[in-house]
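For reference, the chains in residue letters:
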Amino acid sequence: MLGRGWRKRKLIELNIMKRKTFVLIAAVLAIAVGLYVWQNFLKTAPAMRKLEAEYRVNSNEFYAEFEENEDAANEKYVNRIVEIIGELESIEMNEGSKPVINLKTEGFGMIKFTMESNLSSGELNELELNSTLLIRGECIGYLLDVLIERSIILDPS
Amino acid sequence: MKFNTILTIILLAACTSLSMAQDRYLTRSGSVKFFSTAPLEDIEAHTNKALSIIDIKKGEVAVDILIKSFEFEKKLMQEHFNENYMESDKYSKATFKGNYGSNENIANMVDGTYDVVAKGDLTIHGVKKAIETPVTITVSGGKLSANMVFMANVKEFGIKIPKVVVRNIAEEVEVTASFEYEPYK
Chain A
1 MLGRGWRKRK
11 LIELNIMKRK
21 TFVLIAAVLA
31 IAVGLYVWQN
41 FLKTAPAMRK
51 LEAEYRVNSN
61 EFYAEFEENE
71 DAANEKYVNR
81 IVEIIGELES
91 IEMNEGSKPV
101 INLKTEGFGM
111 IKFTMESNLS
121 SGELNELELN
131 STLLIRGECI
141 GYLLDVLIER
151 SIILDPS
Chain B
158 MKFNTILTII
168 LLAACTSLSM
178 AQDRYLTRSG
188 SVKFFSTAPL
198 EDIEAHTNKA
208 LSIIDIKKGE
218 VAVDILIKSF
228 EFEKKLMQEH
238 FNENYMESDK
248 YSKATFKGNY
258 GSNENIANMV
268 DGTYDVVAKG
278 DLTIHGVKKA
288 IETPVTITVS
298 GGKLSANMVF
308 MANVKEFGIK
318 IPKVVVRNIA
328 EEVEVTASFE
338 YEPYK
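So the protein sequences, as listed, match chains A and B. Under the numbering used here, read the first sequence as residues 1 to 157, first letter to last. Under the numbering used here, read the second sequence as residues 158 to 342, first letter to last.
Read the hints as simulated data drawn from the structure, not as lab findings. As the structure is a prediction and not an experimental result, all values here were calculated from the model. Treat the hints loosely; a few may be bogus.
[Unchecked claim] Here are some, though not all, of the chain A residues that point toward chain B, as calculated from beta-carbon distances under 7 angstroms:
id	residue
1	Ile140
2	Gly141
3	Leu144
[Stated by the list, open to error] Below 25 angstroms or equal to it, Euclidean Cα-Cα: the simulated BS3-like pairs (lysine-lysine) are:
id	chain 1	residue 1	chain 2	residue 2
4	B	Lys232	A	Lys50
5	A	Lys43	B	Lys231
6	B	Lys254	B	Lys320
7	B	Lys231	B	Lys250
8	B	Lys300	B	Lys214
9	B	Lys215	B	Lys247
10	B	Lys247	B	Lys190
11	B	Lys190	B	Lys300
12	A	Lys50	A	Lys20
13	B	Lys190	B	Lys312
14	A	Lys104	B	Lys254
15	B	Lys320	B	Lys276
16	B	Lys254	B	Lys285
17	A	Lys98	B	Lys190
18	A	Lys43	B	Lys320
19	B	Lys190	B	Lys250
20	B	Lys247	A	Lys76
21	A	Lys98	B	Lys231
22	B	Lys250	A	Lys98
23	B	Lys214	A	Lys76
24	B	Lys317	A	Lys43
25	A	Lys43	B	Lys254
26	B	Lys254	B	Lys312
27	B	Lys342	A	Lys43
28	A	Lys43	A	Lys104
29	B	Lys231	B	Lys312
30	A	Lys98	B	Lys232
31	B	Lys231	A	Lys50
32	B	Lys312	B	Lys214
33	B	Lys276	B	Lys190
34	B	Lys312	B	Lys285
Even for Gly, the Cβ is constructed at its ideal location relative to N, Cα and C.
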């Protein structure tokens with residue numbers, strides 16, 4: 001009798017173990033699938049404010065590098081985070097598009113920063129033509145102007 | 158004699174540069190958008206930062222676009238477009254180089270709207286394809302603009318659409334471009 005009871009208990013314990021293992025594997029699989037979906041389909045790039053710039057340079061020097069040797073400048077800056085200091089030339093506001101801030105250069109073109117998000121009216125009012133701005137963003141290349149995406153305005157001080 | 162030679166050279170250079178300025182027109186803020194309609198969703202993106210140069214005497218036109226300058230409504234869609242489909246870190250530009258033949262009215266900037274056919278090479282995702290597309294060129298008060306709509310097949314440019322999203326992205330994408338040119342000085 002004792003032997004049969006012990007065997008029954010063991011069988012129940014084994015079944016519970018199996019269920020626990022199954023639940024554990026299912027949970028691990030669900031987490032793995034969730035992580036894969038998040039990583040590949042849902043995760044977006046971190047906000048520009050959280051990123052660090054690899055270069056900080058003034059707009060004249062930055063533009064001059066592209067004018068002098070586009071390939072070398074592409075190699076150095078494209079797809080990298082940069083911070084550019086320069087004088088505000090103009091602001092472009094097009095319907096359905098993010099605002100674009102243009103900084104002056106001594107060359108043929110400008111540095112065009114497409115902002116990461118729309119500017120509030122307060123931020124827009126603070127922007128004065130010819131004032132000095134420090135802007136961080138991702139350099140995407142040169143088309144007579146140098147284009148910077150996902151940009152944010154930083155405090156120059 | 159020497160003075161006359163120098164004067165002639167200066168005058169020639171000035172005339173050449175003046176003639177070049179009248180021949181070539183440029184825009185750095187050309188508008189290009191594409192639209193894809195598929196069973197599950199419509200996808201639209203646009204850029205206002207296309208570079209285009211047109212030579213009205215030769216009837217030549219060139220367009221350069223940085224792929225990452227395309228803006229989407231959804232940030233995630235924009236990232237997938239750049240990373241998964243266009244591989245824009247590797248193939249950063251889309252270009253078109255071609256000509257629309259000679260057109261005396263456009264070459265002489267006579268006001269009017271002219272329908273021409275542009276033929277040339279369109280390069281997207283590192284793949285060059287010969288295309289032919291109707292273009293409407295408008296000359297008005299010394300200003301020049303060009304508008305065109307054409308279809309691009311994503312497969313022909315080596316852009317792979319994973320089966321899982323095949324119902325979200327159309328094989329044929331409608332491309333609309335609009336350029337307002339300024340004299341190129």
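Do the hints match the structure? See the list:
1. Interface restraint check: Ile140/A against chain B, minimum CB-CB distance 4 angstroms, threshold 7 angstroms, status holds.
2. Given the 7 angstroms rule on beta carbons, the hint for Gly141/A holds: about 5 angstroms separates it from the nearest Cβ of chain B.
3. Hint on Leu144/A holds. Least Cβ distance to chain B is approximately 6 angstroms, under the 7 angstroms limit.
4. For the hint linking Lys232/B to Lys50/A, the alpha-carbon distance of about 17 angstroms falls within 25 angstroms, and the restraint holds.
5. Restraint check: the Cα-Cα separation between Lys43/A and Lys231/B comes to about 12 angstroms, which is no more than 25 angstroms; the hinted pair holds.
6. Between Lys254/B and Lys320/B the CA atoms are separated by roughly 33 angstroms; this puts the pair beyond 25 angstroms, and the hint is violated.
7. Restraint check for Lys231/B and Lys250/B: the C-alpha separation of about 22 angstroms stays at or below 25 angstroms, so the hint holds.
8. Simply put, Lys300/B and Lys214/B have alpha-carbon atoms about 15 angstroms apart, close enough for the 25 angstroms limit, and the pair holds.
9. Taking the CA atoms of Lys215/B and Lys247/B, the gap is near 33 angstroms; set against the 25 angstroms cutoff, the hint is violated.
10. Our distance criterion of 25 angstroms between C-alpha atoms is met by Lys247/B and Lys190/B, whose separation comes to about 21 angstroms.
11. Between the alpha carbons of Lys190/B and Lys300/B the distance comes to roughly 22 angstroms, so the proposed pair stays at or under 25 angstroms and holds.
12. In summary, the hint linking Lys50/A to Lys20/A is not supported, as the alpha carbons are separated by about 41 angstroms, beyond the 25 angstroms threshold.
13. Of the pairs offered as hints, the one joining Lys190/B and Lys312/B holds, with about 19 angstroms between alpha carbons and a cut-off of 25 angstroms not exceeded.
14. Using a Cα cut-off of 25 angstroms, the hinted pair Lys104/A and Lys254/B is violated, with the two alpha carbons roughly 29 angstroms apart.
15. About 33 angstroms separates the Cα atoms of Lys320/B and Lys276/B, which puts this hinted pair outside 25 angstroms; it is violated.
16. With a CA separation close to 10 angstroms, the supplied pair Lys254/B and Lys285/B stays within the 25 angstroms bound.
17. At most 25 angstroms may separate the alpha-carbon atoms for a hinted pair to count; Lys98/A and Lys190/B meet this at roughly 15 angstroms.
18. In summary, the hint linking Lys43/A to Lys320/B is supported, as the alpha carbons are separated by about 20 angstroms, within the 25 angstroms threshold.
19. Distance hint between Lys190/B and Lys250/B is fulfilled; the C-alpha atoms sit about 15 angstroms from each other, no more than 25 angstroms.
20. Between Lys247/B and Lys76/A the alpha-carbon distance is near 15 angstroms, which keeps this suggested pair within the 25 angstroms criterion.
21. A C-alpha spacing of about 12 angstroms is found between Lys98/A and Lys231/B, which places the hinted pair at or below 25 angstroms, so the restraint holds.
22. About 21 angstroms separates the Cα atoms of Lys250/B and Lys98/A, which keeps this hinted pair within 25 angstroms; it holds.
23. With a C-alpha separation of about 38 angstroms, the suggested pairing of Lys214/B with Lys76/A is violated against the 25 angstroms cut-off.
24. Proximity of Lys317/B to Lys43/A is assessed by CA-CA distance (about 21 angstroms); at most 25 angstroms being required, the pair is judged to hold.
25. Proposed proximity of Lys43/A and Lys254/B is contradicted: the alpha carbons are some 37 angstroms apart, above 25 angstroms.
26. At most 25 angstroms may separate the alpha-carbon atoms for a hinted pair to count; Lys254/B and Lys312/B meet this at roughly 21 angstroms.
27. With a C-alpha separation of about 46 angstroms, the suggested pair Lys342/B and Lys43/A falls outside the 25 angstroms cut-off, and the hint is violated.
28. About 35 angstroms separates the Cα atoms of Lys43/A and Lys104/A, which puts this hinted pair outside 25 angstroms; it is violated.
29. Between Lys231/B and Lys312/B, the direct Cα distance comes to roughly 23 angstroms. Compliance with the 25 angstroms bound is thereby established for this hinted pair.
30. With a C-alpha separation of about 12 angstroms, the suggested pairing of Lys98/A with Lys232/B holds against the 25 angstroms cut-off.
31. A hinted pair counts as satisfied when its Cα atoms are at most 25 angstroms apart, and Lys231/B with Lys50/A qualifies at roughly 20 angstroms.
32. The hinted pair formed by Lys312/B and Lys214/B fails the criterion: a straight-line CA distance of about 35 angstroms is larger than 25 angstroms.
33. The straight-line distance between the Cα atoms of Lys276/B and Lys190/B is roughly 20 angstroms, inside the 25 angstroms bound, and the hint therefore holds.
34. The hinted pair formed by Lys312/B and Lys285/B meets the criterion: a straight-line CA distance of about 12 angstroms does not exceed 25 angstroms.
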